[in-house]
Amino acid sequence: MLFPTPEFAIFFFAVFVAAWALRTLDEPRKALLLIASYFFYGYWDWRFTALLAVSSAFNYVAGLFIAGTKGEVTRKRIVGVAVAANLSLLGVFKYYNFFMDSLTDLTVALGIQRDMPFLEIILPIGISFFTFQGISYVVDVYRGHIKPVRSPLDLFLYISFFPQLVAGPIVRASHFLPQLTRRPELTRTAVVFGFLLILNGMFKKVVVAHYIAAGLVDPAFADPTQTSSVDLIAAHYAYAVQVYCDFSAYSDIAIGTAALLGYRFRKNFDRPLGATSLAQLWQRWHISLSTWLRDYLYRALRGDKRDGGARMYRNMFLTMLLGGLWHGANWTFVLWGAIHGLGLTVERFIKTHGHAWRTSRLRLSTVGAAAVTETATPSAAANRTAAIVGWLITFHLFTLAAVFFRSPQLDTALRYFAAMFSFQGGPHLLTPFLFALTAGAVAVQFLPGNKIERFAAKAGDWPAWTLGLMLGAGLLLIEMIGPQGVAPFIYYQF
Amino acid sequence: MVDESVSYRETKTFWRWPSRSLLPRPAKRAAEDARKPDSIANVRAAAFAMLIAFAIFLVFESEGLRHFTRDLPGNHITDVLVSAADRWHALMQRLGPARVQPAVREVFDRIREIHW
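Here the protein sequences come in this chain order: A and B. Just so you know, the first sequence maps onto residues 81 to 574 in my numbering. Just so you know, the second sequence maps onto residues 140 to 255 in my numbering.
For reference, chain A alone in the conformation it holds in the complex (with noise of 0.2 angstroms):
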């Protein structure tokens, strides 16, 4: 069941009525929830909701042997088997063709090819959400950050609750399990934040990222090599827009249904096309999954010890290398990882070394405390430049990369890079309307942030007829300009 259909509107609807008609009811209410969550799962495909089953009891389970376990050792291998299994899961659906593809390579160029056993496999969607919620479950458990969950029906709605499960956000148990002991409340400003929010993600979704990517990306990606260069440079710029309003679309519809429903969830988008650094583009990008890597991924790698130096360096690199490998068994996505991985340590390793120069040459200077004023505080002109330039290198470097993560094969963004840098021809697939689009949504990035929230507090005494009239009015003016049926969203292959 995708958001933006009038299925989704219905079924929400019923379960907003239902959910709430139970509210004082926990367990029925909950029940509710989690028959609403797999109704919604298995739209797509009814099998799919056992193997959504089996994981989270496979979960429930192996929490309940980690907290009951006394000695470290044996905790340890219990982790170590629920995240393999997690992991085992994960790799089964989405990464066993791709290995047999790369070991058949492999076998062909040392002139000793076999026939693989290739599987017809498809893949669940969400199963990356899903699985990544199930093991930051069991590692707090492990960690002693959460209890472990008494009640079945907490954890199955946990991992399955449907506003988070098909493309995120990675809700953490330890910020989700608490609001589940707790009658649901409502508030004013709740029900017009959700609005909001649903309005903000189905315009992203059904007006920018679909007319940006049917009149744009999709014909110069088809074939770059009879696309003109001024297209290819726009479209490449168009296909970040692309990505960040479809994704963040659909954070920002979870969220706000989530809200209407009386849960919080993190914000997972914060304006990441305004970053003025990489490092801070990964705080502001899909940000339960950065935040995810960074504790369960780069701590693990990391250990107990506080590194610095070229393991720290290392373990960045590993963990977006990672990361970009989680998006999809395909060479371009490890790629696009690398770049990003390399970016950060670069990054990283000027920060550190610009900050020990600056800090030695003050130490030269301390002549006079004037002197050395003069010489730390940057003057606002030399922030705003330095800001500009960081912004600017920032965004081209998402952008260049994101042409690996398009393009279905390396030759494609080869052929891609070739074409646009050769300068040849006007614009033909870029029309005013798509750079408005493309360079409106770059603008607003530099908007300051909580616009939604300040204004959902202000318009929280508004009466319901005003907040119908503003949700219906919305609504309907993107469906009268939005395209006949709507493209899934683009992280449902994830």
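These are computed hints drawn from the structure, not numbers from a lab. Beta carbons: idealized from backbone N, C-alpha and C, even for Gly. Some hints here could point you the wrong way.
[Claimed, not checked] Here are the computed lysine to aspartate or glutamate pairs in the EDC-like style, where the Cα-Cα straight-line distance is at most 20 angstroms:
no., chain 1, residue 1, chain 2, residue 2
1, A, K538, B, D177
2, A, K156, A, D491
3, A, K110, A, D298
4, B, K175, A, D541
5, A, K110, A, D234
6, B, K175, A, E152
7, A, K531, A, D541
8, A, K227, A, E152
9, A, K227, A, D375
10, B, K175, A, E265
[Claimed, not checked] Facing chain B, according to a computed beta carbon distance under 7 angstroms, are these residues of chain A, among others:
no., residue
11, A94
12, A98
13, L266
14, T267
15, V271
16, F503
17, L509
18, F513
19, L556
20, I561
21, G562
We have chain A already, so just place chain B on it with the hints.
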């Protein structure tokens, strides 16, 4: 020695720091949060607002309603829904609201097709 009186902290400007309003609120606002909202009244208001939005859709997007009913699996109930949606769309066309969508669409398509 480095002069400790000098502040090395970067200025907190909007392009440097992500906003974090959805994270748990700081403790100092706990007293404000402790006031319980009237959830039931807010649920009623939200449900009423959603019903108004549905009504707006039914009036102005009667064509979309026809498409939706035609995509439903065929049976006696959906047959009734399809014919009801057809009658409703004919009525909305006669009264005017169903003509708004094509007019808006035409203007939008004209803007979309402007070239350099």
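Legend entry - In rising order, the numbers of the hints this structure does not comply with: 2, 3, 6, 11, 12, 16, 17, 21
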